[in-house]
Structure formats: structure tokens, C-alpha cells
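Residues per chain, in single letters:
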Amino acid sequence: MPRKTHVQTIINGEHIDFLCEPRQSLLECLRDVIGLTGSKEGCNDGNCGACTVVFDGRIVTSCLVLGVEAEGKEITTIEGIADGNTLHPVQQAYLENAALQCGICTPGFIVSSKALLDQNPTPTEHEIRYWLANNLCRCTGYDKIVRAVQDAAVKMQEA
Amino acid sequence: MKWIDYAAPHSVRGAVDLLGQAGDKARIMAGGTDLLVQLRLRAYDLDLVVDGKGIPDLNELTYDPINGLTVGAAVPCYRIYGNAAVAQAYPGLIDAISAIGGTQIQGRASLGGNLCNAAPSADSIPPMIALNATARIAGPNGTREVAVEDFCTGVRQTVIGQGEILTSIHFPPPEANTGAHYLRFTPRNEMDIAVAGAGVSVTLNNGNIASARVILSAVAPTPLFVKEAGDALAGKPANDESIAVAASIARDAAKPITDMRGTIEFRKHLCEVLTRRALNTAIERAKENN
Amino acid sequence: MPATTEFDVVGTSPIRHDGADKVTGRAVFGPDFQSAGLLHGKMLRSPHAHARIKSIDTAKAKAAPGVYAVVTANDLPSNGGDRLVDLGIGPIRVEFLRNNILAREKVLYKGHAVAGVAAISAHAAEEALALIDIEYEALPSVMTISEAMKPDAPLLYDNLKTSGLGEASDKPSNVASRLRLSLGDAGNGFEDADVIVEREFDTSAVHQGYIEPHNCTALWNTDGRLHIWASTQGAFGARTAVAWILDLPVSQVKVTPLEIGGGFGGKTALYLDPVAALLSKQTGQPVKMVMTRQEAFEGTGPTLGSHIKVKIGATQEGAITAAQASLAYEAGGFPGSLVTIPAMSVFVAYDIPNVTIDGFDVLTNKPKTEPYRAPGATNAAFAVESVVDDIADRLGIDPIEFRLRNAAKEGTPRAESPPHALIGGVEVLEAMKHHPHYTTPLEGPNRGRGVAVGFSGSIGFHSSCTITVNADGTVALVEGSSDLSGSRTTVAMQAAEVLGIPAEDVHPSVGDTDSVGFTFLTGGSRTTFATGWAAYEAAQDVARQMIARAALIWDVNADALKLEHGVFMSTADPELRMTFKKLADQIEATGETVIGRGLVNPSGAGGSFIGDIVDVEVDPETGKVDILRFTAVQDVGKAVHPGQVEGQIQGGTTQGIGWALNEEYFMTDDGRMANPTLLDYRMPTSLDLPMIDAVIVEVPNPAHPFGVRGVGEASIVPPAGAIANAIHNAVGARVGELPMKPTTVAKAIWDKSNE
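Quick mapping for you: the protein sequence lines, in order, are chains A, B and C.
First residue of the first sequence? That's 1 in the working numbering, and the numbers climb one at a time after it.
First residue of the second sequence? That's 1001 in the working numbering, and the numbers climb one at a time after it.
First residue of the third sequence? That's 2001 in the working numbering, and the numbers climb one at a time after it.
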């Protein structure tokens, strides 16, 4: 039997060790090995963004990262966005603006949206749409998602 | 996916040795945004993936106005356009790497990977050729340099030989009175593959075009360097008439196929449109850059 | 988001009850389901569009490391094949369903499932597929309607004859059925017309595009009961289908609907569950199967293509005198293109005295077609709205004005069914006419404006709901409608309204097939209407029981008591008042638990009328169409949750835009989909759209307690027609095929300039 690889990583601030086969993507490791099922698989080829996580400081599609590449890296998933029991302003804004319907793309969008606002606290509508183009939503038509990001930006500036 | 092994060498020598031993059963990986998709589609039958991101040479990103720009093969797009000095000096290159995929893809995909994948539709290769870029390759017999315009030899075929890796891409320093632009046509505004694309650079001299380079993507097995189009512009005034001639030559030189992304007729037509529009922008940039 | 005035809860936009789970990644969707001893299943699929299966040898696959079981069609039962099962979208023979689950004798499309493997990991299962040896005899295939309808076309079924019009044909055919609907006399009607426009249209196959592919986990337990956890639009339909496919009593199957990542009509049918069940039966362990994106495209039910002819005639004054439509819709490899639905809606927005509609259900070697939000109506409206626009243009009449002159109203006769009930067609058109979008001139070269209207009927059918009162005055509500978009909240809100408590005091959940009463699928724009009604009835039942309890506590006659805005009070004695909360706290001490139930099968589901205004800019050199501004005006009857209603309108509109501009199955000559990825199957991204102005018009449905109309589907209907009309307005060319992608639009512009 070929051996699995022992990977050490930091996920949502916690030191996590896991075993995986090199062929398993980071998305598979998060979902099937570690049990963090918040990141979703929609396409497995980087085109839908439902698997988006923050990896080494940048948002990436975790389906196109191997689990073994996570050695020594810092990762933030949807499960790490809220602060304990308190939702992040981006999460709260998505709820208040009804910016989700089925909710499958929502984790990816929230991780991407927060990354945008962390980098650019006052994005224009065009900048929001451009940044989020790697996240597909089939339910909402994006209107309320863009408004939620605008709303969160304002709330975060006020805080 | 079939079982693969993974190795992450820390030196060029290490990578070269691993690839040399494994032959065509191993490939080097940077961002993985092409390779992993291809592995899942069984486009390659590999036993080993060699991760180049741990090799310092492949992560280099240095620029100065005297020596130019060196981009390590594994440097992801976002680092390039995120570097203000680089972005200002090489807008033609930035046009292309901001068009590859979307934000998340650009967080991983590398310039070197885009070059080595050598897709006919690769966005970054036309501007690299327009900017006279050089590929630096390391192998068991040492290092060598190849002009990017000679790098791709066929659909997903390059001059990279057994046991060799691309280590970096070098761009000469930007010249005064020179502008470059990459313009592609896609049905969606982002997250798409070029139906056709034009990467051009233009150097002006007193309102005339001193020299120009025109390269097309997605209309031939490799990025198509249309020398005749650039030659037709040299010495001509920078006006609509000259541009029209060059755009026409570009259209005639294109050898597209009909596939799900476009027909021959439509792609040839686009070559004319995109070359014309790209030249106009490049000339504007050249005028601003004196 | 606007709140309306006459209700306390209905008409507001509270945060959805499942919100905390959905924004933190905690919500358990089908593929998230975990269980001890879980095995993973993968499906082997046909590489051929049409072929006979000569032999299957699974021995090597069964022996591969990590593989636990392999199944083929031979493992499916064969009795009961003639039964007709209705998953909610029309009856289908169990035999056909079985054949689609695992091909027997023939494969009918590329992607048709032929074998299933269960292994220790998904990778191991996938690798084992290559070890299954199948010998195929490739057969000629038919990939388009015109090919399929030729007299000498290769046949998918050797003994299927066209049925319909009260007779069966004598020769086998790829036309599975045909229908005709008529009103008045179209021939005479055209003689009265001053202008007649007749055109043909083609539409390509499109996919519902849900971001989460099909999935399920099945456990065939030691007690013989089969438990399925899946993302499904209808747990009860799934239960029946699985039971009959596997020849089990329905009571032996339990379906737990997990959270679902999109459906749009495509997750009513099922593909994996019986195979996962068979694998579980053989292994004694739970088996999870999740489709890849490519399998979602090739192995489920997209909405296939159509060929439509429309002819309309009108007088000089703009009155439509006659209309004719011929609708040929592709069914795919099995009969059931659902052409009846668009046939019933094609002219339904208009008052036309003479109408003939012909429909054809055509078999082709593609996956069996399934509904996609207002099934078939988008294609039909693309055709009709283009022709209507053409006529209005020739007559020099404003396009909205023309539609007003011919708008269907209450009592307008229809070719296919009783006359319209009260509908908001005129109200929607008037709102469009006065909207700032329409009254603001559009300036700039290559820019154009187009309008189109659409209509979607909706359905009632059974819904069940129970409400239990908690001691703290909150209530637990259990209903049976899979929640695709937040419907558990709109259902809960209707109960809250009756009881006079805040929406957050209702705790809604969606039950499984053992814990809630039979509920029809989530589709047909029925959930807020019918399941909401069930919640309304359950709440009324709670109210009655609590009034009786108050009467007991106060020792008065219950007839004098009522519940208003959450307070129990007496019409006879103003001193007697008790809040819902206060009374709830006394239930346990004063008698039995209070549980109300609502069981409905309502008629009177009101249809929904919608109109679009779109501004586009066309690049005449490339044919690219950019949407500058989009307004969608819909009559929703009563918006229970305006925020959600706007979201439905914007979402359906966006799907309509994708359908109009770029989405298609690009088929190769050998019957393959060349673009089974989300890269080349081009759904709109956030950068491809502007904000979408969703305007809510309310013409309450008199049949529903709160005036609700089914809202969910109509918004996908008009965008293609509106955009086609806008393109014509911009560059003078009419495009008659979908998608109106850049090559197609560019060609239409060149053809026009060469005229």
C-alpha cells in the first residue's frame, strides 16, 4: 500500500495535522479528511469559485491546490470567518440583503468578499463585480450580492 | 485521478534531477491551474508531480529601469500586477495576466506556467513576444536562453527538453516612446478563453512608427508572430491607414480552426478588429510614454 | 426592501431562519453528508451517442483494490416496468426510468449510465471504471430535430409509434407524440389581418446550471429499509420513484431531503439513488455518489433544443386576429419533452380569437430532457415576442402599447384550458410603460431597447404542515417542501401572520418522508402558495385549539373569543385579553399539547405575468452584446417576503440572459457535448451584468388567503425575446436562434447589411 502524506497546516488559526494521498485536492482534504464541509465542489476545475479559501494570504480555488501543498501554510475557510458566535459584517450583510437563495455558492462568495474588503475597503461596483467574477451564482443574478458587499463596506468603515 | 507522487525540491538542480530520472512520467508544476485540470482529464499519464514553488530562483520578481524585469517561472499573476513599478512599466503584460481566469486563478496561475502550457490561446505569450521577452531554461547540461517567440513549437509543445525546466522569463527595460497592449475577444467579460487575441507593441519616432510587433493568439497552433504586419508599419505614419494595412495582414496570416469557441471566418475577422484596436491603444500609450 | 402595509409579517423581509447555517458553512447539503463506514460510488457512462451493448464484464473491476461492489442493469428488477410514475412533471413508464438509470441493451446518449462501482474512496472507484470491459456496437445517431423527423431517420425505438390526436401512427417514429390545441379558426383569422409575420426559430440545449451537482447517500439497512439522503426537489416523488424502480413497497423507502444547492427543475428527476441503493445492498454499507460537473451536463436532464414556427396576423389598428405556432421540442433518449407545457403557454399573454398550436415530442440521442424553470416557455416566448415586436414595428405602434391592446385579462379564452382567472397582465404593462427606464431616452450608437412579456402558470397539489406550540410562545413548524431558496421562511411567515407572532418565533424545518405528510415537489412555483396555505391552515387549527383552551381557562363560551394580532380576546368582555405567549405557557398545565395541522390540495393557483425592458449595446464588429440596463416587472399577487421575491425575479432574469446570449450545448458530429465545463458552458458572471431592477406589482390572487401567486418561474421567460428585440432596435438585425452569441449576432448584422 503506498503511504499517505502527513501534512501540517494552520486552518482558521488552529494547528491541524492530516493524512492525505498526493492526488487529493485541498478541497477534498478539507471536506472528506478534516471534516470542514463548508467549502463546496461545483466544478473541480477552478471555474465556479464555490471552493474558495484564503491560502497564503490570497483567495484561491482549493480544488486546484493539492492537499500536500498546504504543508506549513495558513488557510482560512468559511468556517473561520465568524468571530466565535459573532458573524463577520460580510456575513451579516449577506443575510440582511437576502443575498443568498440556495446558499451553495455563499461560502465561496463570503470568503471572496471579505478578501476584497480587507484589501480594498471602498470598492466601486465595477471593482466588486470584477473581483467576484471567479465566483458563480445561479440563483441571485448577483444584484443583492453586490449590494451586500457595498453594505458591508460601509458598516466596516463605520466600525 | 490515478495515484501520483509529489516532490517539492528546493533547488533547480533538485528539480532537474527528478525530472531527468522520471522522464515523461513527471512534470513540473507551478500554480497547478492547468496541470491539475489536465491530470483529471487524463491528458497526461504521470507518476510524479514536481512542485517548483519551493525553488527560490523560480520565485524571483525583480525589476529596475536599467536591467529590466525578471519573473521567476512560478511567480503567480497577482504578484506581478500587484507590483506597482512593474505594472507601470509593462502595461501590455498586465493586460494579459489580468485576463487569465479570475481573481482566485490569478492567485495561483503563473506566467511561466502559462508559457510552458503553450496553449494556442495563451494570453500572456503575445505580449511577452511583443516585449521581446527571453525564456531562461535550466537542464542537465546547464542553462540556455530562448526568445519567447521561438519557445512554442506546436499545440502544447515547447522547446523544453527532457529533464529541463523554465526558471525565469526576462524582459528588457521599457523604452521611451514605446507602448504595448494585449486585447482579446471573449463572449464573457472574464473567466474565458480567447476566441482570438492580439498582443502588439509600437515604438514611435516623431509621429511615425519606428517599429512594431504584432502577435496573435488562438488562431494558429502556436501564438502567431506576424512579422509582416510589424514590417508593414515600420516607417509609416501612426494613422488609421497604416493600421488598417497591418490589421489586414494580420487577418490574412491567421490560420484558425473552427471549434466550439469560434469559426474560422469569425476568428479571422476578429484578428483584423483586435489588431486594429490594439495598435490604436499601443500608439496612445507610446505617445504618453516619452 | 419595501414592506407592505396591510399585514404584520407577510410583506416584510426578515432574515431567513436557516441564515446562520448558510453563511457559516454549517448547513448540511447533500454532498456534505457523512456516515460511519461510508463507501463512495462512481458511474461508468457510455462514450457513444447511440449503440447496442453487446457485453459487459465487471470481473476485473470487482477485483481491483479498494472496490467493494459493481452493478449493472442486470441488478435492477424487471417487473412492474409498465407502471407510470409521476415525479411531478408528467407520467413516465418505470421501464424508461430504469433504463435511464442503467442502460439495458442500448445506450441512447453519450453519458448514459451503464455500471456503478462502490469503493473505499472516490478516486479508487473512478480508477476502477476503466477496468470494466464493455463491447458496444455503435449505431447511427440523430442529433437534431430535423434529422430525427426525416422519414428514413435511424430510430431510437423500433416499436414506438407517434401517439396523439386520438390515434397512433402505423410506422415507428422518433416523434413520440404530437398534440394540437385550437381556438376559433386560424385560417379565417389570417384573412382578416392586414399584416402577417411568419418566422422560424431554433434554440439550443441549455442546462439548469445548479452549482451543486446531483448527489445522494443510500443505506440499505439490515432491517430491509432503504434510507436515502439527497439533494432533491421532491422527497416524496423520489421515494416513489426509487421504490418502483427497485420494485419495493413505498413504505420501505425513506428519503431525507438535505439542503440543496440549486434545482430549477433539474433535481426532480433522479439518477444516482437506485444505483447507490443497489451498491449499498450488496456491500451492507452506506454508499455516497456525487456527480462531477461533466456528469451533470452529460448524465442528467438539461432542457433540450427546439424548432419553433410562429405566424401572427394583426389589423392596421394593432389587433391580433390570428396566431399559429408549431413547437417541435427535443425529448432526448426517452419520450417526454414536456412540449405540452409551452404549448399551453405560447400565446397565453394575448387575447387572440383564432389560435392553432401544434406540438411535437421528438426523440434524439441526447440525455432525457427535464424541466428548467417554466419548462419550454422561454423558447416559445423568444419566438412569439420577436414576431410581436416585428408586427408592432411594421405598424408603427409602440411595443408596450401594442401588447396592451392585445393583453390577456380575466376571462380571456385560451386554446388549451379554461379562460384566465384574474391576472395582472395589464397592470404589469402599465407599470412598464410608466417606469423611468422606459421613459428615459436611450442615447448612443449601436444601442437599443427591447421589451417582452411572459407568463407562467403555477400549480397547487398536496402540501402538509404541522405546528406545535412551545411553552415560551414560539412554535415548531414542520413542512414537506424542499427549500431551494428560503421558502421555509415564507411558509413560516404565513403561519406567524395567522398567529400574530413575529416571524422569528416560528421555527420551521423540512421533514423527511417518515415525519411529515405527503407534499408535492418544490417546483411549478407552488411552495409559497400551497405549502404556505398548509401552514396557514395549520395555524388556524392551532388558533382554534388555543381559543378553546382560553375559553376553558376563562370559563366562557369559545364562540365569543378570537385571536387578533397575537392576542386572544373576547368580543363580549373587553377585560378578557391574553397574549399568545401567555396562553402558550399555560397549555401544559391545562390540557393536551397543542398541535395544529394543515393538509391542502388547493386549486386556484394564480398565474404570474411578467414584462422586461432591456437596454443593450452591440459591438457591430464582434457581435458582442452588453446589457446596459434591465428592468423586470412581475405581478406576484402578494409578496410574502419582498426581498426574496426580488431575488427570484433577478435570478430567473439572469438565467434568461445566459440562455439568450451564451449558453448552449455545443455538440460534435459524433454526438458529444464539446463544452461540459463551466468554462465553456458560459453562465453569466457578476462582471457580465448590471444591477437588475426587480419591480413588484401586486394583483392579489383571490383564491389564496394572502393573495399569493406562484412567482418563481416566470422571470426566465421574457429575457431572450426582450434582448432579441433590443438587438434589432440597436443594429437593425433580427436574430432567430438561441444563443445570440457573438458569432451569431455578427453574422446577422453582416447578412442584414448585405441585403
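These are calculated hints, taken from the structure and not from any lab test.
Note that the coordinates shown come from a computational prediction; the quantities given were computed from them, not determined experimentally.
For glycine and all other residues, C-beta sits at the position ideal for the given N, C-alpha and C.
Errors might be hidden in some of the hints.
Only part of the chain C face toward chain A is listed, based on derived beta-carbon distances under 10 angstroms [unchecked claim]: (1) 2021; (2) 2065; (3) 2084; (4) 2650; (5) 2658.
Below, computed lysine-lysine pairings styled on DSS-like, alpha-carbon distance capped at 30 angstroms [claimed, not checked]: (6) C/2062 - A/4; (7) C/2161 - C/2150; (8) B/1268 - C/2747; (9) C/2309 - C/2106; (10) B/1025 - C/2054; (11) A/73 - B/1002; (12) C/2752 - B/1268; (13) C/2311 - B/1002; (14) B/1227 - B/1268; (15) B/1268 - C/2624; (16) C/2747 - B/1255; (17) C/2409 - B/1002; (18) C/2062 - B/1002; (19) C/2582 - C/2624; (20) B/1002 - A/4; (21) C/2309 - A/4; (22) C/2311 - C/2582; (23) B/1025 - A/4; (24) B/1025 - C/2062.
A few chain A residues that don't get close to chain C, going by computed Cβ distances all over 10 angstroms [to be verified]: (25) 23; (26) 42; (27) 78; (28) 118; (29) 122; (30) 123; (31) 124; (32) 134; (33) 143.
Now the hints, each set against the structure:
no., hint, verdict
1, 2021, "8 angstroms, holds"
2, 2065, "8 angstroms, holds"
3, 2084, "31 angstroms, violated"
4, 2650, "4 angstroms, holds"
5, 2658, "9 angstroms, holds"
6, C/2062 - A/4, "24 angstroms, holds"
7, C/2161 - C/2150, "14 angstroms, holds"
8, B/1268 - C/2747, "13 angstroms, holds"
9, C/2309 - C/2106, "33 angstroms, violated"
10, B/1025 - C/2054, "35 angstroms, violated"
11, A/73 - B/1002, "25 angstroms, holds"
12, C/2752 - B/1268, "20 angstroms, holds"
13, C/2311 - B/1002, "56 angstroms, violated"
14, B/1227 - B/1268, "17 angstroms, holds"
15, B/1268 - C/2624, "16 angstroms, holds"
16, C/2747 - B/1255, "20 angstroms, holds"
17, C/2409 - B/1002, "62 angstroms, violated"
18, C/2062 - B/1002, "17 angstroms, holds"
19, C/2582 - C/2624, "64 angstroms, violated"
20, B/1002 - A/4, "14 angstroms, holds"
21, C/2309 - A/4, "61 angstroms, violated"
22, C/2311 - C/2582, "66 angstroms, violated"
23, B/1025 - A/4, "20 angstroms, holds"
24, B/1025 - C/2062, "28 angstroms, holds"
25, 23, "6 angstroms, violated"
26, 42, "4 angstroms, violated"
27, 78, "4 angstroms, violated"
28, 118, "17 angstroms, holds"
29, 122, "18 angstroms, holds"
30, 123, "12 angstroms, holds"
31, 124, "13 angstroms, holds"
32, 134, "8 angstroms, violated"
33, 143, "5 angstroms, violated"
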